[in-house]
Each structure stands twice: as structure tokens, then as C-alpha cells.
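Visitor: Take the sequences, apply the hints, and build the full model.
Protein chains: 2
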Amino acid sequence: MLPKPETAEDFAGIVEELRSALGDAAVLVGDDIPARNERDWSPLPASRPLAVLRPDSPEGVAAAVRICVSHDIAVVPQGGLTGLCGGARADGASVALSLERFVGVEEIDAAAGTMTVRAGTPLETVQRAAEAAGFFCALDLGARGSCTIGGNLSTNAGGNRVIRYGMAREMVLGLEAVLPDGTLVSSLNKMMKNNAGYDLKQLFVGSEGTLGIITRAVLRLHPQPGCTMAALCGLSSYDKVLELLAAARRGLGPILSAFEVMWPDYWEVVTRQVPNVRSPIGGDHAVYVLVEAQGTDATVDGPRFQDWLEQLAEAGTVADAAVAQSLADVKAFWGVRDACAEFNQVLGRHQSFDIGLPIAEMNRYVEACGAELRAQLPGVVALFYGHIGDGNLHIVACQPGVEPQPKETIDEVIYGCVRRFGGTVSAEHGIGTTKKRWLGYTRSPIELALMRTVKAALDPRNLLNPGKVL
Amino acid sequence: MLPKPETAEDFAGIVEELRSALGDAAVLVGDDIPARNERDWSPLPASRPLAVLRPDSPEGVAAAVRICVSHDIAVVPQGGLTGLCGGARADGASVALSLERFVGVEEIDAAAGTMTVRAGTPLETVQRAAEAAGFFCALDLGARGSCTIGGNLSTNAGGNRVIRYGMAREMVLGLEAVLPDGTLVSSLNKMMKNNAGYDLKQLFVGSEGTLGIITRAVLRLHPQPGCTMAALCGLSSYDKVLELLAAARRGLGPILSAFEVMWPDYWEVVTRQVPNVRSPIGGDHAVYVLVEAQGTDATVDGPRFQDWLEQLAEAGTVADAAVAQSLADVKAFWGVRDACAEFNQVLGRHQSFDIGLPIAEMNRYVEACGAELRAQLPGVVALFYGHIGDGNLHIVACQPGVEPQPKETIDEVIYGCVRRFGGTVSAEHGIGTTKKRWLGYTRSPIELALMRTVKAALDPRNLLNPGKVL
Numbered sequence: 001m002l003p004k005p006e007t008a009e010d011f012a013g014i015v016e017e018l019r020s021a022l023g024d025a026a027v028l029v030g031d032d033i034p035a036r037n038e039r040d041w042s043p044l045p046a047s048r049p050l051a052v053l054r055p056d057s058p059e060g061v062a063a064a065v066r067i068c069v070s071h072d073i074a075v076v077p078q079g080g081l082t083g084l085c086g087g088a089r090a091d092g093a094s095v096a097l098s099l100e101r102f103v104g105v106e107e108i109d110a111a112a113g114t115m116t117v118r119a120g121t122p123l124e125t126v127q128r129a130a131e132a133a134g135f136f137c138a139l140d141l142g143a144r145g146s147c148t149i150g151g152n153l154s155t156n157a158g159g160n161r162v163i164r165y166g167m168a169r170e171m172v173l174g175l176e177a178v179l180p181d182g183t184l185v186s187s188l189n190k191m192m193k194n195n196a197g198y199d200l201k202q203l204f205v206g207s208e209g210t211l212g213i214i215t216r217a218v219l220r221l222h223p224q225p226g227c228t229m230a231a232l233c234g235l236s237s238y239d240k241v242l243e244l245l246a247a248a249r250r251g252l253g254p255i256l257s258a259f260e261v262m263w264p265d266y267w268e269v270v271t272r273q274v275p276n277v278r279s280p281i282g283g284d285h286a287v288y289v290l291v292e293a294q295g296t297d298a299t300v301d302g303p304r305f306q307d308w309l310e311q312l313a314e315a316g317t318v319a320d321a322a323v324a325q326s327l328a329d330v331k332a333f334w335g336v337r338d339a340c341a342e343f344n345q346v347l348g349r350h351q352s353f354d355i356g357l358p359i360a361e362m363n364r365y366v367e368a369c370g371a372e373l374r375a376q377l378p379g380v381v382a383l384f385y386g387h388i389g390d391g392n393l394h395i396v397a398c399q400p401g402v403e404p405q406p407k408e409t410i411d412e413v414i415y416g417c418v419r420r421f422g423g424t425v426s427a428e429h430g431i432g433t434t435k436k437r438w439l440g441y442t443r444s445p446i447e448l449a450l451m452r453t454v455k456a457a458l459d460p461r462n463l464l465n466p467g468k469v470l
Numbered sequence: 001m002l003p004k005p006e007t008a009e010d011f012a013g014i015v016e017e018l019r020s021a022l023g024d025a026a027v028l029v030g031d032d033i034p035a036r037n038e039r040d041w042s043p044l045p046a047s048r049p050l051a052v053l054r055p056d057s058p059e060g061v062a063a064a065v066r067i068c069v070s071h072d073i074a075v076v077p078q079g080g081l082t083g084l085c086g087g088a089r090a091d092g093a094s095v096a097l098s099l100e101r102f103v104g105v106e107e108i109d110a111a112a113g114t115m116t117v118r119a120g121t122p123l124e125t126v127q128r129a130a131e132a133a134g135f136f137c138a139l140d141l142g143a144r145g146s147c148t149i150g151g152n153l154s155t156n157a158g159g160n161r162v163i164r165y166g167m168a169r170e171m172v173l174g175l176e177a178v179l180p181d182g183t184l185v186s187s188l189n190k191m192m193k194n195n196a197g198y199d200l201k202q203l204f205v206g207s208e209g210t211l212g213i214i215t216r217a218v219l220r221l222h223p224q225p226g227c228t229m230a231a232l233c234g235l236s237s238y239d240k241v242l243e244l245l246a247a248a249r250r251g252l253g254p255i256l257s258a259f260e261v262m263w264p265d266y267w268e269v270v271t272r273q274v275p276n277v278r279s280p281i282g283g284d285h286a287v288y289v290l291v292e293a294q295g296t297d298a299t300v301d302g303p304r305f306q307d308w309l310e311q312l313a314e315a316g317t318v319a320d321a322a323v324a325q326s327l328a329d330v331k332a333f334w335g336v337r338d339a340c341a342e343f344n345q346v347l348g349r350h351q352s353f354d355i356g357l358p359i360a361e362m363n364r365y366v367e368a369c370g371a372e373l374r375a376q377l378p379g380v381v382a383l384f385y386g387h388i389g390d391g392n393l394h395i396v397a398c399q400p401g402v403e404p405q406p407k408e409t410i411d412e413v414i415y416g417c418v419r420r421f422g423g424t425v426s427a428e429h430g431i432g433t434t435k436k437r438w439l440g441y442t443r444s445p446i447e448l449a450l451m452r453t454v455k456a457a458l459d460p461r462n463l464l465n466p467g468k469v470l
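Same order as they appear, the protein sequences are chains A and B. Residue 221 in full-length UniProt numbering sits at position 221 of the first sequence; the count goes up by one each step and never skips. Residue 132 in full-length UniProt numbering sits at position 132 of the second sequence; the count goes up by one each step and never skips.
For the record, the hints were derived by calculation from the structure and aren't laboratory data. For each residue, glycine too, the CB sits at the ideal point set by N, CA and C. Check the hints yourself; a few may be wrong.
Unchecked claim - Computed, partial: chain A to chain B, Cβ under 8 Å: (1) D32; (2) S207; (3) R250; (4) V454.
Guide: Shown next, in the form of C-alpha cells:
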């Protein structure tokens, strides 16, 4: 499918060309290729690319792309390789282009509230640099120590606080990227308002490296929150969840920073089976909600949060609730929500899903999808939880004791229900290769054709991250 | 330049085809063409298009485009015609396609916090519908009664509260548009998170109708603010402005909703010459700032705002300040800022500019640009003011008593300085035709080439709003 250098000799010549352009340290082949560049966090098997290129400048990235495409060799961009859908996996006919040596924060502009950063910088480094300058980097996700900001932007990462700060896309003010033909396009804008022609950065955010390789970005920083309040609530129905969400939007306003919902099956598994996770509230409830708000002043916002919740308890919206009295409590509450990271230990082999649904449809989806899974797969375990304030539902499913796992059936039920309920097959994880099969459940043939038109316009030879997304 | 039907007879046939597809009421020609469709709010002269088409459905818009392009006739989309750069102006070889008969709010989804709305709906109607449903439409601008939401989105409108809510782009969750070949692409997504392939709506937001005609949108609504606080401050230097902005971000956090700066020349003209506008503070200051915050609860947020400002006065950041004690005060404070609408009466013929600059550069720009204008044009009046929290500066300039006005010189100085200071020639008004000449001052040849690649991919025959932006 992909063009390949005809002989080993041809390829040796190309490697020479790359080495002379980029320096020896930037070109790894054969056994020098690190195992880490052979896979991402998806379940796909390892695959060794033709070479791993590690240029240390945007110009180097551009040169690497130009050389590769001049020889008809496909280029697969790599960041922290924490993607879950195979978007950064290079097959044996491609060259992996890793941003790992183009790292660092170039500037923090305190007046503009912006950071200019190199694509290979780990998210956690970005967060710490923002903090050291008195700012807050709104993007946060579990892989923060390994993922890179370039990967975060190219996949339009989400995370826990999208309800307040938006997706990674909303953080980007300026972007620099290398096009599929090796052209370096620099649009390192710092202004919130810039309507001078098309907003080109939007092409590269969320297109999973198929339209360009992000090399640098200007990020919008936020003020550091002065205090964090959180409550864990038990509710008697999903209708009450909708009531609570509306009350949170109204009563907490813009300080509302997370609204996480957990259904009972999830709750039981994590509070009973995951070590060190305990329920902060008593009783059994139809659904559980973690509400978080980030204020500016604990002496004002703390009591206000408490009052707000007490009123909802009195009104019967919330059946039971615990309010965090300390940062340790906040952490413990999040521990219940983050316990999903332990599912490998607790559940054994299982599948994980990241879907989106209109918020009003969420519970009907959970019921319909759960019922269908149980009907088709006796004894199935299906746990539902997620960032419901953003319309994002995560699902973990398996049929204990069955080998091999009924992957196909589970996929069909979950994505089939997504299609019926008008949802999306990928809320935050992207498409890569593993979700391509389901893209048509969410996007119409016309939408897909338009995506292909854009791809063909920027990458007519289909050499940049080919076979991903589309 | 534009292809034209060869003879009047040919065009009569095309009109028949359009009438039979869209209905008679949807096709206006000759003297039936209303004067309003012959111009926008730019200074360009009126121009009567070949016809005005007014389809009343997305399918009608698609059919109209298909018929026109099949005859090589260019189509110019029109919304409320309040644009300032000629983006919706149709020349005599084009057909104007107005969304004025596709109007109305289709749905408000209270759980999702979204509104599905038709493109021809006036912004004010959108705002009122949101309010009636207990929500807040974050977009607001002076033309609210006339402009349409389709136009707001296609130009990525800004306005007064971008610092808090972002541009029009940030309001859009889903979009439906007609492509230049007449294909209707519907992506009426309601979810905040949807990473299933390319985010196609970004193509149509801010591209001024050159890549597609927006027909419907799903907007993200916000909670209604519970209270509004405002202060008008006099400061001794621009460095103090930067201090105040940093303090506002930190101390007010996400409730900060506007940060408007006015330089002394502006201040003097509006407080001394515009009727019914009075300065709420005494003395002369180096620069004036209007700070606004929208809170959830007046009893908590009001005193907090007052305390915050008092601390800044004590610390010497603010030399003098008046805090609004009522909504009437808030209105009066905004009156000083909105008095620019009266400049036609006060200044006579003048030019208006909408540029963007990195916030730290803003005052150096004002000084350099003002000095250069004064050096070249004795007696010049140049007033500087704007949404500085967003990096957006407005300028009004004229040379009183001189006819014709030295338009070329003023343009050259102002945009030349923008280029030197790394700003943008259009922060919120777009490019249309009147700013095309200056686009290269802000965008590199590589950026412009990429814009042309995207345009050619979607509109290879250059028949949708040709000659605009690029």
C-alpha cells in the first residue's frame, strides 16, 4: 500500500541524506530504534518504523519531511506516544518523526498571559512553567507526565476541566506547523482576536498529525485558582442530575470546573474493589456526582459553595452529599473518579470507550446500552462514568471469565447505540486507526467526503500520517 | 473578471430556473431588489447585484447555489449587512444570497445548554430567546438589532466580552453549511467534546462566506449572570494598566467580563464633546480603564469587587476610581466607552480602525503611531481605545478641515505600525475587500498560500464570495 524504498541500498542513501541534513543524533535506524517509538498506548502490537527521526528545530522537522516525501516515504509524527487509538503508530513502511528533542518553554508573556512552547515539551513541564510564572495551564489529563503539548494539540485533548476552560483547541492562540510538503507555516499569534483571513491553526488542532506537524504553539494561560471546592453527591435519579447541573451552572457560574457523573455499577466496583478508595457518603444511590469549583478566595467562595449545596439538599435535588473540608478531601473525592486507572488490576482484560452524547440522552443511553449488553453477553460487566457536564461518557466493559473477550459484540452494541442516540464515537481520544471503522456511525458520508477534500488539498500524495483518521 | 451570463435572455432563463426551484418570493431582480441588499456598513458605494435570492430553507440555499454555479454565476452570501469591510457586498456580476427568510430559534436544549438557530436570525432575537429560557447568549455587539447570527459566525464576531467568553467561534458547537458546489453539510453537534475526525465547522467560522454559506448553528449558551459590577479608573501610566489587568485576572478570576482602555485624547473628546457623556471621575489621567465583572450573587460579589478595587487604590495601582452603585451607573460607564458611536457627529469625516496587538506592545504602538501621524499630518486627531484585555485596539483618525481626507497616509501609518509591532490588521471586523490590501502586513506569503490552497480545494471555480479575503 505504502511506497517503500526498493532496496536496502536505496534506503541507506536516504539515511545518509537525512543524517547530513539533521545530524547523526537525529536519525535512528535498525536496532538503534527505541522500543518506545514502536507503539502508543493503544492495544495495537508494536511495529518498528523504517527510521526514527528526531530533529531539534522546526527547520529540521521541515527538512526531514521534505527529504522523506521526495523519496515517497510516509512520515508519522510522534509526541509522547500516549494516544489510545494508534494515531502515532508507524508501520514498517513509514518513518517516525518524533518531536522529543524539540523541547522547552520559549517565552511566557505575562502581559498577554501567553506561553510560547515547543511541541515536544511534556504537558507537566508546561503546567509547572505556567505555575512558576503565576499562571495556570488549564489542560490536564492522566498522561500529563508523558504526553507532549504537540500531541495534546494535534489530538485536541480534553480532560477534567473542559466544562470551564474548553478543549485543548481553546487554549491555542498561535501555532507553527510543517505542512505535508515540508513547508514551515508560522502563525505564532498572541492575540485573542485576530480575524485577518482564515484561522489556519484550526486545520492542525485535532487532525491527529494528518494535515501538518505542529512544531510550536502559543498557549493562552489562565489565572491560578485561589481555592478549590468539591462535593460528592448521591442522587435519586438522572433527572436530579440534570437539576443539579442546571443549578451548578446558575449558582456557581464560571467557577464551576468539573461535573463528573458515576453510575452505580461503576461506584460499587471502585468503592468495594479498588484499594484505598472509600465512599465519602453513605447509602446506595441511583447516581453519583462529583462537583468541583475553582474560586479566587477561600473565605468567600468556600462558604458560598457550602450554602449552594445545602440549599440543593434542602430542596431535595441532592439526596446525600459530602463537602470537601480540605485539599486532602478534594483529592480523595477525585480518587473515586480516577480509580478507573486501576481497572486492569480489578477487572482483568476489558475494553474502554470514550463516547459523547447530548446530555439529556445520557441516561437513556446508559440504560439501553446496558440492557443490550446484558441481553447479548450474560454476566457482562459494564461500568458507566464520565465528564457529563461536557457530554462525555466513558464506558468500561468485559465479560468475565470469557476468553477471548467478545470484542466485536461489545463494540457493536456500544457504537450502535451511539449511532441511535446521535452521539459521537470519540469525545476526546480521537480516531487514529482503531476507531476508523466506527467513524461513519457519527459522521455522514458528506462530512467524510469534505474531510477527504481537505486532506487531499494539503497532502495530495497522502504521505503525512497516512491511513489515520480517514 | 467574473463570468456573466452572455445576454439578458440567458439570464431570464436562469431566473426562471431559480423561481421554479425556490418559489417566486425567493427571487428578486431589477427594481424589486431592495436598496438594503446593495451595500453593507463599509464606505463602499452601493452596487446592485444581478438578483437577490432569499431561500427559506437550507435545501433552498443548496439549490440556489447549485443553479448559480451551474451557470458560472458567483454567489455572495448576505446576513444582516452590518459588516464594515465589504465582505457581503455583491457586485453587478454576482447574485446575492440572503438568509433573511430563514429565521428563528429551532430548539433550546436546557440540559445541554444549547440553542439550535437558523442563520438569518438577528443576534438580538438570539439573545432574547436565550434569556427567556433562563440562559445567556455571550455574544454582543453594537449592531445586535440588525446583524444576523449567520453573519456573526461567518465573520467570527468579537464584541465586548471576549475576555470572558471568547469570540463567536467559541460559541459554536455545531454547524450546517452549504459548500461552494451546493452540497449541504450538516454537523449539528451539541457536545462540547467531539473528536471524531476533522472539526469541519472551523472552516466556515471566520472565513467570511468564502468557503461555505452557514445555514444553521448549534450555539453554546451560558448561565445568566446574577449581577454586574463595574468601575471606571484613572491610572498614571500604561504600566499601571498592565498591573491592573494582572490583578483583575488574579483577583476577579473568571468573573472578569470586560477590560476596556481609553487613552486621554479619546477621553477628552467623548467627555467634553459628546452630549450626555460625563466623566465619573475627576482629574486628568494618563489612561482610563473600564473594568467589568459579572458575578452570580450581588451580596457576595458586589462587596468583593469593591474590596478588590480598594486594595488596588491603596497600593497605588489605580489613581482614582468610581465604582458603579447601580445598573444605571454601569450603563453610564459604558456610555463613555460606547460614545465612539457618536463620532460621525462630533468629528465629521474620519476613518475607523480595528487592529490587534500583543498587550505589552499596546502603549508603545499608541505612542509611535500617534507621533508618526502628527509628524505627517499637522493637526491630526487620533483617538485610541479598545478591548485591551483581548489585545484589540480601535483607532479613529482624521485631519480636521482637510478635504479630501488623507486616507492613504493615515492607512499607511496605522497599518505600517501594526506590521512593525507584530499585530494584526483586523482583530474583529474581518478582511472583506477593504482590508485585503493590508492582509500581507499581518500574514506571511506562506500563510496566504495555505489560505489559497484551502479556498481552491473547496471552491475550485472561485464562485462563492469571490474576491473576498483573498
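Visitor: Compare the structure with each hint and give your call.
Guide: Here's how the hints hold up against the structure:
{"no.": "1", "hint": "D32", "in the structure": "violated (34 Å)"}
{"no.": "2", "hint": "S207", "in the structure": "holds (5 Å)"}
{"no.": "3", "hint": "R250", "in the structure": "holds (5 Å)"}
{"no.": "4", "hint": "V454", "in the structure": "holds (6 Å)"}
When held up to the earlier numbered hints, the structure conflicts with hint 1 and nothing else.
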